[in-house]
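Listed below are the residues making up each chain.
Protein chains: 2
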Amino acid sequence: MKAVMEYFKKNNDAFLGDMKTFLAIPSISTSDEHKGDIIRAASFVEQQFTGMGLKNVQQYPTKGNPVVYGEWLGAIGKPTILIYGHYDVQPVEPLELWKTPPFTATIRDGKIFARGTADDKGQVFIHLKTVEAFMKTKGELPVNVKFIIEGEEEIGSTNLAEFVKKNKKLLSCDVILISDTHMQGKKMPSITYGLRGLTYLEMTVTAAKGDMHSGTFGGSVANPIQVLAEILTKCKDPKTSKVKIPGFYDDVVPLSKNERKELAKMPHDDAKYAKELGATKTFGELGYTTVERTGSRPTFEVNGIWGGHTGAGVKTVLPAQASAKVSMRLVANQDPMKIAKLFIDYVKSVTPETVKVNVKLFDNNGHPALTPIDSVGMKAAAVAIKNVYKTDPYFTREGGSIPVVADFQHLLGVEAVLLGFGLPDDNLHAPNEKLDLTQFSNGLQTVAHFFHEYATLKK
Amino acid sequence: MKAVMEYFKKNNDAFLGDMKTFLAIPSISTSDEHKGDIIRAASFVEQQFTGMGLKNVQQYPTKGNPVVYGEWLGAIGKPTILIYGHYDVQPVEPLELWKTPPFTATIRDGKIFARGTADDKGQVFIHLKTVEAFMKTKGELPVNVKFIIEGEEEIGSTNLAEFVKKNKKLLSCDVILISDTHMQGKKMPSITYGLRGLTYLEMTVTAAKGDMHSGTFGGSVANPIQVLAEILTKCKDPKTSKVKIPGFYDDVVPLSKNERKELAKMPHDDAKYAKELGATKTFGELGYTTVERTGSRPTFEVNGIWGGHTGAGVKTVLPAQASAKVSMRLVANQDPMKIAKLFIDYVKSVTPETVKVNVKLFDNNGHPALTPIDSVGMKAAAVAIKNVYKTDPYFTREGGSIPVVADFQHLLGVEAVLLGFGLPDDNLHAPNEKLDLTQFSNGLQTVAHFFHEYATLKK
Numbered sequence: 001m002k003a004v005m006e007y008f009k010k011n012n013d014a015f016l017g018d019m020k021t022f023l024a025i026p027s028i029s030t031s032d033e034h035k036g037d038i039i040r041a042a043s044f045v046e047q048q049f050t051g052m053g054l055k056n057v058q059q060y061p062t063k064g065n066p067v068v069y070g071e072w073l074g075a076i077g078k079p080t081i082l083i084y085g086h087y088d089v090q091p092v093e094p095l096e097l098w099k100t101p102p103f104t105a106t107i108r109d110g111k112i113f114a115r116g117t118a119d120d121k122g123q124v125f126i127h128l129k130t131v132e133a134f135m136k137t138k139g140e141l142p143v144n145v146k147f148i149i150e151g152e153e154e155i156g157s158t159n160l161a162e163f164v165k166k167n168k169k170l171l172s173c174d175v176i177l178i179s180d181t182h183m184q185g186k187k188m189p190s191i192t193y194g195l196r197g198l199t200y201l202e203m204t205v206t207a208a209k210g211d212m213h214s215g216t217f218g219g220s221v222a223n224p225i226q227v228l229a230e231i232l233t234k235c236k237d238p239k240t241s242k243v244k245i246p247g248f249y250d251d252v253v254p255l256s257k258n259e260r261k262e263l264a265k266m267p268h269d270d271a272k273y274a275k276e277l278g279a280t281k282t283f284g285e286l287g288y289t290t291v292e293r294t295g296s297r298p299t300f301e302v303n304g305i306w307g308g309h310t311g312a313g314v315k316t317v318l319p320a321q322a323s324a325k326v327s328m329r330l331v332a333n334q335d336p337m338k339i340a341k342l343f344i345d346y347v348k349s350v351t352p353e354t355v356k357v358n359v360k361l362f363d364n365n366g367h368p369a370l371t372p373i374d375s376v377g378m379k380a381a382a383v384a385i386k387n388v389y390k391t392d393p394y395f396t397r398e399g400g401s402i403p404v405v406a407d408f409q410h411l412l413g414v415e416a417v418l419l420g421f422g423l424p425d426d427n428l429h430a431p432n433e434k435l436d437l438t439q440f441s442n443g444l445q446t447v448a449h450f451f452h453e454y455a456t457l458k459k
Numbered sequence: 001m002k003a004v005m006e007y008f009k010k011n012n013d014a015f016l017g018d019m020k021t022f023l024a025i026p027s028i029s030t031s032d033e034h035k036g037d038i039i040r041a042a043s044f045v046e047q048q049f050t051g052m053g054l055k056n057v058q059q060y061p062t063k064g065n066p067v068v069y070g071e072w073l074g075a076i077g078k079p080t081i082l083i084y085g086h087y088d089v090q091p092v093e094p095l096e097l098w099k100t101p102p103f104t105a106t107i108r109d110g111k112i113f114a115r116g117t118a119d120d121k122g123q124v125f126i127h128l129k130t131v132e133a134f135m136k137t138k139g140e141l142p143v144n145v146k147f148i149i150e151g152e153e154e155i156g157s158t159n160l161a162e163f164v165k166k167n168k169k170l171l172s173c174d175v176i177l178i179s180d181t182h183m184q185g186k187k188m189p190s191i192t193y194g195l196r197g198l199t200y201l202e203m204t205v206t207a208a209k210g211d212m213h214s215g216t217f218g219g220s221v222a223n224p225i226q227v228l229a230e231i232l233t234k235c236k237d238p239k240t241s242k243v244k245i246p247g248f249y250d251d252v253v254p255l256s257k258n259e260r261k262e263l264a265k266m267p268h269d270d271a272k273y274a275k276e277l278g279a280t281k282t283f284g285e286l287g288y289t290t291v292e293r294t295g296s297r298p299t300f301e302v303n304g305i306w307g308g309h310t311g312a313g314v315k316t317v318l319p320a321q322a323s324a325k326v327s328m329r330l331v332a333n334q335d336p337m338k339i340a341k342l343f344i345d346y347v348k349s350v351t352p353e354t355v356k357v358n359v360k361l362f363d364n365n366g367h368p369a370l371t372p373i374d375s376v377g378m379k380a381a382a383v384a385i386k387n388v389y390k391t392d393p394y395f396t397r398e399g400g401s402i403p404v405v406a407d408f409q410h411l412l413g414v415e416a417v418l419l420g421f422g423l424p425d426d427n428l429h430a431p432n433e434k435l436d437l438t439q440f441s442n443g444l445q446t447v448a449h450f451f452h453e454y455a456t457l458k459k
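Protein sequence lines, in the order shown, are assigned to chains A and S. 1 is the number of the first residue of the first sequence in our numbering; add one for each residue after it. 1 is the number of the first residue of the second sequence in our numbering; add one for each residue after it.
Source of the hints: derived by calculation from the structure; they are not laboratory data. A quick note: this is a predicted structure, and the numbers were derived from the prediction, not measured. Backbone N, C-alpha and C fix where the C-beta goes; we use that ideal spot for every residue, glycine too. Zero decoy hints are in this set.
Partial list, derived from the structure: chain A residues whose beta carbon lies under 7 Å from chain S:
#1 Ala222
#2 Ala229
#3 Leu232
#4 Thr233
#5 Thr290
#6 Val314
DSBU-like mimics (lysine-lysine), calculated; alpha carbons at most 30 Å apart, straight line:
#7 Lys209/S - Lys242/A
#8 Lys386/A - Lys9/A
#9 Lys348/A - Lys244/S
#10 Lys315/A - Lys272/S
#11 Lys111/A - Lys209/S
#12 Lys187/S - Lys10/S
#13 Lys239/S - Lys234/A
#14 Lys315/A - Lys315/S
#15 Lys315/S - Lys165/A
#16 Lys272/S - Lys209/A
#17 Lys360/S - Lys281/A
#18 Lys275/S - Lys234/A
#19 Lys275/A - Lys234/S
#20 Lys63/S - Lys315/A
#21 Lys315/A - Lys99/S
#22 Lys242/A - Lys234/S
#23 Lys341/S - Lys239/A
#24 Lys315/S - Lys348/A
#25 Lys209/S - Lys234/A
#26 Lys209/A - Lys186/S
#27 Lys234/S - Lys341/A
Working from the sequences, and respecting the hints, build out all of it.
Right, here's the structure in full:
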């Protein structure tokens with residue numbers, strides 16, 4: 001281990017030099033004009049794989065952007081870790097808010113600034129350079145590793161599930177390791193053990209074939225906005241914030257005593273939290289803390305609503321239609337398709353016969369993910385963190401969704417460890433994205449320890 | 001009377017010739033580019049007044065477009081009728097949908113097509129030519145008349161109330177006569193005896209200082225769309241459609257037995273009505289018919305709503321704000337300002353402390369108007385109609401608002417008779433506006449009879 005740690009120290013500048021080259025490629029996946037950059041980024045990853053001694057290195061074409069694969073399977077009898085990351089990045093607008101150009105990585109105050117530093121090129125580099133360090137110093141790793149680095153994460157990993165399905169054998173492993181999340185703080189290391197899933201729908205209430213004059217017709221036919229408001233009100237209890245769709249909570253894995261204890265360790269101040277958001281106070285499901293509400297409980301949220309006259313001034317219109325976009329964040333073991341169906345059935349059952357309702361399900365659905373905190377992967381990660389950060393990690397459940405995590409778990413039948421080294425203020429998807437260099441350095445060491453610990457614990 | 005009727009017959013072509021000249025002036029008040037046409041139209045009315053023998057003819061300047069005044073007060077000891085109308089018209093877009101040019105009046109199938117035929121130049125002409133007929137054949141009228149023809153009706157009669165306030169003595173009268181509405185049909189003459197008032201507000205619910213990620217924050221703070229939906233649901237009962245704002249109905253003049261009987265005479269088929277609107281069925285306040293609901297009962301309607309992501313596709317946003325525009329149609333004797341205050345107070349009282357709410361009152365408020373069907377003006381109008389149409393008129397209450405009617409009533413303290421000769425399919429504010437020439441001819445005769453009957457009945 002000592003040699004590996006020294007390799008990290010000695011080669012820090014070289015790592016950052018390579019990382020800057022990677023960060024200079026504007027591999028934005030949301031628009032077609034960067035197709036060439038996507039290819040360049042995939043090739044860069046491929047070269048890194050080859051350079052550090054991986055075998056079987058290959059770019060797998062998909063219907064979209066290629067997946068780059070590489071492996072080292074020389075640790076006979078040892079477990080296999082599948083490392084996932086992505087080489088594509090978010091757009092950079094608004095450009096004028098960047099202090100230094102988004103594709104010219106710049107170091108200041110111990111942080112490296114550029115699009116993709118935290119999400120996810122910089123974090124992918126933690127794994128690349130950890131494996132490189134083992135290979136260059138010892139010629140081998142304590143575990144077998146397989147890498148897949150994709151190029152469509154920022155556009156919903158559109159073709160990844162298909163790739164995983166087709167290549168189950170190639171990707172077979174004992175655990176999945178992902179560094180695409182953040183910790184609570186530099187001195188508050190944490191491991192994400194749960195992610196919420198998502199189902200997203202849009203409903204339209206139609207009362208008539210066209211807009212009507214609210215004077216001439218007002219009072220004689222249903223108002224679709226009013227009906228939509230009634231339907232939404234029937235979906236969530238205003239007092240308890242419980243979702244009122246029958247069966248909604250049926251498959252929810254309840255929080256264990258131990259989990260609630262772990263989650264309660266997280267420093268959190270409701271008043272401060274509300275103030276930072278500009279809210280008068282926090283509000284959520286009765287019987288749960290804010291930390292529990294945002295990570296381990298499902299939600300029902302209206303994401304958008306529109307109907308009638310939405311411009312300036314007055315228009316005395318009785319609208320023909322009104323629509324709303326709603327989404328539900330799900331937790332293990334809720335199934336997005338099942339929940340979507342419960343919602344659709346419920347909406348239809350509570351819609352009065354004075355209007356027609358149409359509900360459309362978007363394809364941005366994702367399963368929730370949950371890796372028990374007493375699983376081998378979690379335990380190995382906790383020890384690795386303690387070795388480096390000199391403190392026990394917090395265990396957290398994130399409110400957001402990374403559908404690919406659940407996809408991996410479902411398709412490969414193994415658990416995922418989300419060992420992210422970002423920080424809450426990394427400006428993901430925003431101007432001045434950065435990665436803290438202490439976190440980068442700690443990340444290298446933590447992943448090295450993780451390899452070692454996992455090999456030891458996983459018998 | 002015979003001489004007057006013969007004058008109508010003999011001069012019909014001349015009337016239409018003059019009307020076409022009036023209709024050729026594009027006196028659109030909604031945009032400044034037609035200012036010159038507005039002045040030309042006002043001068044045209046002034047010339048007509050002088051030509052038919054009115055005295056004291058004058059254009060009164062206002063902050064906006066001039067009001068044209070003329071009078072004939074030679075009927076000593078007889079009542080005075082104030083005739084109101086407007087010389088301004090609506091815009092004509094979309095031009096391509098007009099079968100003949102909007103400012104080249106064209107007669108086909110017994111109808112005259114042009115912008116302003118029904119609303120209101122053609123109906124103003126009914127009064128001009130009736131007075132002309134009396135003056136040319138008898139040299140006098142059975143009543144005293146005062147005309148005010150304004151040029152801002154299509155932009156809310158912005159300066160008219162001020163003008164009336166300043167000239168109460170000039171405008172003093174026994175009754176106001178207005179022909180700016182329509183009848184139920186050519187063989188279903190009707191008199192409008194009530195108009196709804198209006199109060200129009202906008203409310204914004206704010207939950208946070210900026211939009212939030214629905215994954216990270218969903219479930220921990222209030223969703224402003226959800227809260228807005230709850231507030232709207234608390235404003236109107238989903239089952240009875242009763243407005244739930246305390247005190248809302250306090251000042252409503254209940255429908256009398258006689259009124260309900262009169263309103264019930266109107267042929268109406270709920271199923272046909274719903275089908276024409278494309279609604280599955282009618283819906284409104286429990287205990288009232290559709291005819292009663294649209295004219296004689298107050299309403300609460302959401303005219304517009306918006307918040308969060310309203311574009312295509314998905315965005316997992318927990319919005320910071322949501323807004324709705326709401327309006328209430330009012331009936332006698334509800335006061336728009338009082339009702340607005342009741343609404344604002346109620347909204348504040350039902351808004352949870354998890355959000356802030358802001359309510360803004362627009363200045364498009366109007367009092368309701370009601371002229372009892374047993375008043376002298378109504379009786380005279382009913383006899384006049386029966387004389388010409390050979391059938392009793394229906395008495396109707398219109399759902400829309402003409403704030404100027406209530407303003408007149410309030411400021412001058414007299415009743416208004418809405419004796420409109422338009423038809424429901426006149427295409428007001430739309431391409432191919434028309435006035436039926438039989439209605440024009442019947443209108444001349446009816447107004448002549450009205451003068452006579454009113455002079456007789458008003459002792």
